[in-house]
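Quick note, the sequences are listed as chains F and L, same order. Our numbering puts the first residue of the first sequence at 1041, with every later residue one more than the last. Our numbering puts the first residue of the second sequence at 30, with every later residue one more than the last.
Because the hints were derived from the structure by calculation, they are not lab data. Even for Gly, the Cβ is constructed at its ideal location relative to N, Cα and C. Watch out, some of these pointers could steer you wrong.
[Claimed, not checked] To spell it out: a stretch of chain F is covered by chain L in this simulated footprint if at least three of its residues, at any positions, have a beta carbon under 8 Å from a beta carbon of chain L; those stretches are:
| no. | segment |
| --- | --- |
| 1 | 1142-1154 |
| 2 | 1390-1404 |
| 3 | 1418-1430 |
| 4 | 1447-1458 |
| 5 | 1532-1540 |
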Amino acid sequence: MARSRWGASWLSRGRPDHPPVVFAAKIDNAMRLVALDALAERIGLKRGQGAAEARAMCPSLDMIAADPAADQAFLEALADWCDRYTPLVALDGKDGLFLDITGCAHLHGGEKGLVSDVLSRLFALGVEARATVSSSAGLSWAAARYGHAHVIAPEEADRVLAPLPVAALRLPEEAAAALERVGLKEIGDLLEAPRAPLARRFGSLLLLRLDQARGQADEPLSPRLPVPSFSAERRLAEPLIDEEHILELTRHLAKDVRSSLERQGEGGRLFELLLFRVDGRVFRVKAHAAVALNDAERIAALFRERLQAVHDDLDAGYGFEILRLAVLRSERLDPAQQDFSGVPDESQPLAAFVDKVSARFGPDCLMQAAFAESHLPERAGGFVPLRNIAAVMDAPAEGKTFPENRPLRIFAHPEPVEATAEVPEGAPRSFNWRKTRYRVTRAEGPDRIAAEWWVDGEDHPTRDYFRVEDQEGRRFWLFREGLYEREVTSARWFMHGVFA
Amino acid sequence: MAENAVQRQTILSLRETIARIENGCPPPAMPTTREPDPAGFRRDREGASHRKALPLGIPPLDGVLRGGLPLQGLTEIRNAETRDAGAAAGFVTALAVLYQQERKSKGHLAPVLWISQGLAAREAGHPYAPGLKSFGLDAEHFLFVSARTVKDALWITETALSVPVFAAIILEIRGNPTSLALSESRRLHVKARAGKVPLLLFRQAGEEEASSAFFRFRIRPAPTGERPLPDGSVLCGSIGHPAFHLLVEKSRFQASADIFLEWNPHDRRFYPIDERRNAALQTNDQPENPVDPLSASAGRSRGAQPLGRLLAFARAS
């Protein structure tokens, strides 16, 4: 909120002269404050206070309706931004993030360096944040919210925990209140108390949280996104704006990824390019490959089309400072050897074509024919998105044969026509289709196709298909829906397709 | 006098360049006594003169086409009315089958790519895979793309022309859109020739329009013959193999032609319609319920309007 009103650098330049800002939401049928800024805290407002009361205390109060969805989106954007430090980022409730920095800290100048880097960058972005590095998630949570330490060594855990209030243990509100009521105000009191009576009185959750904070019980973090198996990234001193440069860098990254892919004998099917913009926004661009790829040129070509397609959404702003290429899904790729027969392998250029087109128009744009065991024409054959390129290039299996009298073009929705027939059950003599009258000279039929009761239900009408030719030689496929006297009293006619 | 000769030389060399670009023989009226140009304009004339072609097996048509269907480059097929789209789609599919057969005989199982403007498929129906299969096409080796706009369709076509895998590429466009005019068709033609791929431009409900295609066919529906019975007679009142009325509207070699054809999906080839039926068809050409042909042209001036179309001007004052 502050960033959008006063610009991203409001923290470093100093807060403009503005009345205290609070956020209010409806809780238990009353407007109550849910969040307040530092100035509001200083004049004595509290979380959970009624909105009217707060206004009475400070008439100039700037009260804004709370928007949890926007808060969540902001937190997720922040989590994306934190991807630069470690791929394991987990959301914690509505106002926190866990970063598992095991094995990453040395890349950012040790734990101390990492924390100060995070905080100074967030400060520059206009985000007030607190952070603590420790050996357990519970301890970090407690110290970041209630303590002051930035880095806590494992053996210092008890010493840091002791003076903190019991609320720092991530307990439900009533449990914390109950503890305070009996005089156990600080965690230190709990540490000294015998465990069995505590568990009996306050439940096992208290002890679990206590153990988690002390690092004696494991607490698995669930990261927001799966960790890519292969990735490469490049940090830049000067931000990039030009698309050509981004692609050039992508090619370099693809070369880095390639070497690790080759070592594992795999090729990527789904790639993701993460673009970290200078002002903290992160763009994720995904690209599918039709076959497993490890060739840098082709990976870069994928992103060339993809960037063209998302061009409007991708706002470079002041440029991108970090680029990361990740392989989200990979498959086994057997190294192929060129043979000497002189016949080029044709599936490679086709795969390149499929990649190009689907990167631009979406993966479902290219379609191949799919045949199904059904008598109903619209179910028997259709087009499905292309999934298996090898099937298009290989020799076909002995496919099933179709009745010969199937039209070349079919309407997705049969179009109603007005037809007149000589006898009720017979072929039409003439019909009106799209406001034109056609006189039938020859007709073949009926080709009776009953509905599939196991799909459509038992009372679905039967269709009688007729293949008719008009005076000029146009051939149409008409059907009458419903059998006279058995299913319907007046049947309707439809145009379903046209023949050559 | 000498200046005049130089000018004539320039004009001659330009004419030859045009002839070479158009990939045909130079016009016979032109005197060809001149030595080859040092700039190399006539270098690959031998290669160009015997163009690769796929014979259709029908002598009058192959004569008009100078040997058969071109194996690379642009061929345009159009129909005048949306309701004839079935017949035109049949002819296009038949050509695709022929191209696919040709590639198969060389040992390649090459797919056919059908690129369709979304509007075209909505108006005249989607291609139907079982129908394509019973028409003789290898439907397993068939890819279909539905593009939203003409520009998208053109982009996909150009991308497809640059990869040498397709037996044939069909581009289905509705009407005469401004984004596919002479320069674009020229571009497609050049790309198709460079990629050595036949490109069939299927113009649904479109008007005659200048383009760079080798040939432009206009397809009209034609009544079929009757189904033959094993004893040699025909089954009365039955509908036989699909038939087409083919008009060659544009050809670089000869005047236009007007031929009735029949496609046999089993043999996968065209047959001419026999003489007696042909004669009957030629005379019985007047439709009973003519429809004023409305083309689906969009955003394009339609040339000279017929006299009397504009009855009164808007009042100026």
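A quick look at each hint next to the structure:
1. Counting residues of the segment 1142-1154 of chain F whose CB falls under 8 Å from any CB of chain L gives 0; the rule of at least 3 is not met.
2. Coverage of the segment 1390-1404 of chain F by chain L holds. Counting CB-CB distances below 8 Å, 7 residues qualify, and the rule asks for three or more.
3. Counting residues of the segment 1418-1430 of chain F whose CB lies closer than 8 Å to any CB of chain L gives 5, so the stated coverage by that chain holds, three being the minimum.
4. Only residues whose beta carbon comes within less than 8 Å of a beta carbon in chain L count, and the segment 1447-1458 of chain F has 6; three or more means the coverage holds.
5. For the segment 1532-1540 of chain F, the stated coverage by chain L is satisfied: 4 residues place a CB nearer than 8 Å to a CB of that chain, which reaches the threshold of 3.
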